[in-house]
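Asks: Residue-level listing of the chains:
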Amino acid sequence: MTLTVCITTVIAFIVSPLWAQEAKKAIEVFPSTPYYQFIIFENLAIFWIAIIGLIVILRMKLREIEQRQKLGLDREENDAAPPN
Amino acid sequence: MWPERESRLNCPRLKNWFAERYDIAPLKKLAREKLVPVHGHDLWYYTGGVVLFLFALQFITGMLLSFYYIPHAEHAHKSIIEIVTKLNMGWFFRSLHHWGSQLAIFFLFVHLFATLLFKSYRKPRELLWYSGFILLVTAIFFGLSGYLLLWDERAFAAVRVATGGAGALPIVGDFIKAFLRGGFDVTGETLTRFYAFHVAILPLFTIFLMGLHIIIVQIHGMSTPLSLKDKNVPQVPFFPNILYRDIIVWLVVLGLTVTIATLLPPEIGQKADPLAAPPENIKPEWYFLFLFQTLKIFPGEILGLNGETIAIMLISAGILIFFLIPLLDRKSGRGERSPLFTVVGYAYLAYFLIMTTIGYFT
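One line per chain: the protein sequences are U and R, in this order. Numbering-wise (our numbering), the first sequence opens with residue 1 and increments by one. Numbering-wise (our numbering), the second sequence opens with residue 1001 and increments by one.
Chain U on its own, in the form it takes in the complex:
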């Protein structure tokens, strides 16, 4: 009986810090389900495609503006005839 109590006490001492460690487990800051992780990374890839697409459109527009400026098409003519 004494032996049983001693062993139980020793086991309780050994195991209790393990429970405490369990309680201190890191908090999940990112979805752990593979399905959600796949959706997140897929969306990240789509997001980058959209950003690159927007950058390409802006670059094309900027080049067009620079071409117009180079040709002087953006300047206002001061002596232009008034519209009829």
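Honestly, the hints are just simulated from the structure, not real lab data. Treat the hints with care, as some may be off.
[To be verified] The calculated lysine-lysine pairs, modelled on DSS-like cross-linking and capped at a C-alpha distance of 25 Å, are:
1. U/LYS70 / R/LYS1231
2. U/LYS70 / R/LYS1029
3. U/LYS61 / R/LYS1029
4. R/LYS1296 / U/LYS61
5. U/LYS70 / R/LYS1028
6. U/LYS61 / R/LYS1034
7. R/LYS1034 / U/LYS70
8. R/LYS1271 / R/LYS1078
9. R/LYS1283 / R/LYS1296
The structure displayed is predicted, hence computed values, not measured ones.
Fit chain R to the known structure of chain U by using the hints.
Replies: For chain R alone, coordinates are given in the frame of chain U:
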């Protein structure tokens, strides 16, 4: 067919309604006439725009988080766990807010050192330097106040160290420490106080400073390096050329912030316990590391005086000299080269980088 379609798209009735009430011709003229010099170093101009963009991102993500955050010592930590684990995309917006703040402070430092090394603070732009410097200090305090809102053991210990450091200042130290903490120690009162700073006082102050900074830039125009002073530097209109380039840079920064926020969501530690021992190897955020490392190299006592107080006083003196550089560098103000202040600028940059690196790896 085309003119009709175009006029429909341009909403002429709305335009006329607006034009009858408000004359925006001077604003249009300002936008047309604002020119930006184009040269080999013009890449640095974009860092200011990036900071503006990241601050806007911080305001948006911060507003979203404030819908669910509870600024109370008992509930703050739990409310953040709920934002991260229970709310749809909550983890992402919290991570975006965290990394947005890190990148905003990083680009503020880049902008500051670029201004310093190109001597863009020289006469008549002194106010730009002062307002920008105060904006950096505000951003750092933004970071510190936001860090405590997490109310975990690391944040608690870091704020205790940071506010304790302020307390080492002679004469005003105790007052500053008590004012920041709202008492003798970091408690729930400090959390309430830092929340008020983070969501009300600092945002208003930042908007005012940013507005002032941008208005002064419009008055003076963009600065060119002294090396290009006597050269004929080509200029391009801000609208639309530079605005388009700004948007491209903002898109890249947005992409980077979102990617980092997705791949590296910040951890949440255990709830703060004022009675528990601080966690091991506690370090402040990276932008405090150079101060932290400087404090570490000083002994506890120097010639019978408190070593920490001497260290804080020396750091304060260094920061004050840095702030007053536009007054001290008179040669740049006259449009002459000032190699001494180039060396001073590089020395400050090297000290910041070396101390931050040592602080990070030790």
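Asks: Does each hint fit the structure? Answer for all of them.
Replies: Taking the hints in turn, this is what the structure says about them:
1. U/LYS70 / R/LYS1231: holds (22 Å)
2. U/LYS70 / R/LYS1029: holds (21 Å)
3. U/LYS61 / R/LYS1029: holds (22 Å)
4. R/LYS1296 / U/LYS61: violated (54 Å)
5. U/LYS70 / R/LYS1028: At roughly 22 Å apart (the allowed maximum being 25 Å), R/LYS1028 and U/LYS70 satisfy the hint.
6. U/LYS61 / R/LYS1034: holds (20 Å)
7. R/LYS1034 / U/LYS70: holds (18 Å)
8. R/LYS1271 / R/LYS1078: Holds, at roughly 8 Å.
9. R/LYS1283 / R/LYS1296: holds (12 Å)
In summary, the one numbered hint that this structure violates is 4.
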